[in-house]
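Asker: Read top to bottom, the protein sequences are chains E and X.
Basically my numbering = 1-based index in the first sequence + 2.
Basically my numbering = 1-based index in the second sequence + 2.
Honestly, I wouldn't trust all of these hints.
Said to hold, decoys possible - Mimicking EDC-like on lysine to aspartate or glutamate, the simulated pairs with C-alpha atoms at most 20 Å apart in a straight line are: (1) X/K219 - E/D298; (2) X/K194 - E/E230; (3) E/K194 - X/D298; (4) E/K194 - X/E230; (5) E/K145 - E/D121; (6) E/K208 - X/E102; (7) X/K81 - X/E102; (8) X/K219 - E/E75.
Keep in mind the hints are simulated off the structure, nothing from the lab.
There are 2 protein chains.
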Amino acid sequence: MSKILAVGSLAFDEIITPFGHSGKTLGGSASYIALAAQKLVDKIGVVSVVGEDFPDKFLSKFTRRQIDISGVERRKGEKTFYWKGRYHNDLNRRDTLATEVNCLANFKPVVPEAYKDADFLMLGNLHPAIQQSVIDQMTARPKLIALDTMNFWMDTAWDDLMTVLKNIDILIINDEEARQLSKDYSLVRAAKTIQAMGPKYLIIKKGEHGALLFHGKNIFFAPALPLEEVFDPTGAGDTFAGGFIGKLAQLEDVSFNAMKNAVICGSNLASFTVEKFGTERLETLTKPEIKNRLQDFINLTQFEIELV
Amino acid sequence: MSKILAVGSLAFDEIITPFGHSGKTLGGSASYIALAAQKLVDKIGVVSVVGEDFPDKFLSKFTRRQIDISGVERRKGEKTFYWKGRYHNDLNRRDTLATEVNCLANFKPVVPEAYKDADFLMLGNLHPAIQQSVIDQMTARPKLIALDTMNFWMDTAWDDLMTVLKNIDILIINDEEARQLSKDYSLVRAAKTIQAMGPKYLIIKKGEHGALLFHGKNIFFAPALPLEEVFDPTGAGDTFAGGFIGKLAQLEDVSFNAMKNAVICGSNLASFTVEKFGTERLETLTKPEIKNRLQDFINLTQFEIELV
Numbered sequence: 003m004s005k006i007l008a009v010g011s012l013a014f015d016e017i018i019t020p021f022g023h024s025g026k027t028l029g030g031s032a033s034y035i036a037l038a039a040q041k042l043v044d045k046i047g048v049v050s051v052v053g054e055d056f057p058d059k060f061l062s063k064f065t066r067r068q069i070d071i072s073g074v075e076r077r078k079g080e081k082t083f084y085w086k087g088r089y090h091n092d093l094n095r096r097d098t099l100a101t102e103v104n105c106l107a108n109f110k111p112v113v114p115e116a117y118k119d120a121d122f123l124m125l126g127n128l129h130p131a132i133q134q135s136v137i138d139q140m141t142a143r144p145k146l147i148a149l150d151t152m153n154f155w156m157d158t159a160w161d162d163l164m165t166v167l168k169n170i171d172i173l174i175i176n177d178e179e180a181r182q183l184s185k186d187y188s189l190v191r192a193a194k195t196i197q198a199m200g201p202k203y204l205i206i207k208k209g210e211h212g213a214l215l216f217h218g219k220n221i222f223f224a225p226a227l228p229l230e231e232v233f234d235p236t237g238a239g240d241t242f243a244g245g246f247i248g249k250l251a252q253l254e255d256v257s258f259n260a261m262k263n264a265v266i267c268g269s270n271l272a273s274f275t276v277e278k279f280g281t282e283r284l285e286t287l288t289k290p291e292i293k294n295r296l297q298d299f300i301n302l303t304q305f306e307i308e309l310v
Numbered sequence: 003m004s005k006i007l008a009v010g011s012l013a014f015d016e017i018i019t020p021f022g023h024s025g026k027t028l029g030g031s032a033s034y035i036a037l038a039a040q041k042l043v044d045k046i047g048v049v050s051v052v053g054e055d056f057p058d059k060f061l062s063k064f065t066r067r068q069i070d071i072s073g074v075e076r077r078k079g080e081k082t083f084y085w086k087g088r089y090h091n092d093l094n095r096r097d098t099l100a101t102e103v104n105c106l107a108n109f110k111p112v113v114p115e116a117y118k119d120a121d122f123l124m125l126g127n128l129h130p131a132i133q134q135s136v137i138d139q140m141t142a143r144p145k146l147i148a149l150d151t152m153n154f155w156m157d158t159a160w161d162d163l164m165t166v167l168k169n170i171d172i173l174i175i176n177d178e179e180a181r182q183l184s185k186d187y188s189l190v191r192a193a194k195t196i197q198a199m200g201p202k203y204l205i206i207k208k209g210e211h212g213a214l215l216f217h218g219k220n221i222f223f224a225p226a227l228p229l230e231e232v233f234d235p236t237g238a239g240d241t242f243a244g245g246f247i248g249k250l251a252q253l254e255d256v257s258f259n260a261m262k263n264a265v266i267c268g269s270n271l272a273s274f275t276v277e278k279f280g281t282e283r284l285e286t287l288t289k290p291e292i293k294n295r296l297q298d299f300i301n302l303t304q305f306e307i308e309l310v
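If we strip away everything but chain E, and leave its shape as in the complex, we get (with noise of 0.2 Å):
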């Protein structure tokens, strides 16, 4: 079984939506990557930085799945990272009412020994230079490194984030992010554009639109699960490269079928976080309830045709 390295962030998140207010809850791109490949491999460890206010009880969200945390740094008289947002009616936009960046600011990843071999690493939205120096510290170069980035790297890190893309596999970011990269509004021009950036492949996400996957010319679409009620949409994106990572992982397969699988899986497991609040949902789902959920998806996009 192969092993995943997931680096990102630990988080308060405090999430309103028309349905209510989540109160202080477990969030950040790291505890959605984990519990989602938590869903398809064994053996994932998390890298990543809390204060001295993170509890135990959310730790122990990780430990109790066999999730290692060796590498989760606990800052004493620090705080964690703080987010709090509110959702429009549509649940497609959203005001940040509060960031508090704390003890991330100045996160300085370290590997643990027993990671440095890891066979797929994730990066979450970090400084692309911070992002780089976790690849730099792995012993054997991973069979697959996929990142996550955001505009703001791009407005204030743009020499580092050319950087790291000359290191890494696959690029997952949203349509505006890679609109932005790539300076052209056609998705198909921008994943040229970006492929050429340095990443062979590119996963650009729509949010309830689904998901692209490109490689050269292949290009394969994920669409999101049409559901009656959207909760919460927080942590659909991370949940998605969480479930896509796991299942290459679980698959031990990085070709281009593979991924085919993997977007399918990644939109699976999106589909159940939105409906709860931050990881609730994705804590209680069971391998039967993603079964029949993929059913679903075979159903949504499967046909048969003849060519004529």
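Got chain E sorted already, so can you dock chain X onto it with the hints?
Answerer: For chain X alone, kept in the frame of chain E given last:
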């Protein structure tokens, strides 16, 4: 081979996009529906109305393809429906610069004898009472009646719309229209509400984000093909409808499985329409081109997965 009756507008369109100005070109729902369906079946009749100003060269686009225009009324002393619009740079939004309803204002469709027993009836966007008057002229109930409508009729002719919805099989509208008709933001819930109004089948078109087919608890999704460049989106929705009904007529099958094929076919043809102004691309489109692009749709959406 099944017979299709298409009822809708024939028009002059004047389209401005970031790529150019179309001049006065052939437009109207019946144009796209008929030219799309003609790629799939031979027997298509059009019922519409044009003014004295409508040129023979536009009518010959239909007659040279054996599309029956005996149901197209040519009004002396009147002018043809005219629409002028300008698309924004992203081609997702447009401003209407001029609309002259002209002879379409008092359009009274008369179905030719030879098409009163059509197997497939496609009712393009018109006043719902006018759409109902066409159904009333049929001597035998068609195998399938499909209908398009728009927000304007929901605002101004709600009762007539509710009446005609009870007499059709499938409603084909866009997401914004589905939300207004159902008074619900969630498309899955909207689909339930709309099916309770009459049509057992519903297609919700989402433009560049594809189209959803609903029937009871079944949902199927056809993506739009990701394109490097969209030149002119005008007519994509009507092309989709024409390709959809054309495929069902070709298959002589109105099962849900046949409809899966048909929405893929509609999406396929629509992906060509947006490559040039108005009906230009549909006019030159060949069967091998359609077949090649069908392979693109298969590559884009089909996957093999183990249910584990």
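Asker: Hints first: check each against the structure and report whether it holds.
Answerer: Each hint, compared with the structure:
1. At most 20 Å may separate the alpha-carbon atoms for a hinted pair to count; X/K219 and E/D298 meet this at roughly 11 Å.
2. Straight-line distance between C-alpha atoms of X/K194 and E/E230 comes to about 10 Å, which keeps the hinted pair within the 20 Å bound.
3. With a C-alpha separation of about 18 Å, the suggested pair E/K194 and X/D298 falls inside the 20 Å cut-off, and the hint holds.
4. Restraint check: the Cα-Cα separation between E/K194 and X/E230 comes to about 10 Å, which is no more than 20 Å; the hinted pair holds.
5. Distance hint between E/K145 and E/D121 is fulfilled; the C-alpha atoms sit about 5 Å from each other, no more than 20 Å.
6. For the proposed pair E/K208 and X/E102, the alpha carbon gap of about 38 Å is over 20 Å, so the pair is violated.
7. The straight-line distance between the Cα atoms of X/K81 and X/E102 is roughly 9 Å, inside the 20 Å bound, and the hint therefore holds.
8. Simply put, X/K219 and E/E75 have alpha-carbon atoms about 48 Å apart, too far for the 20 Å limit, and the pair is violated.
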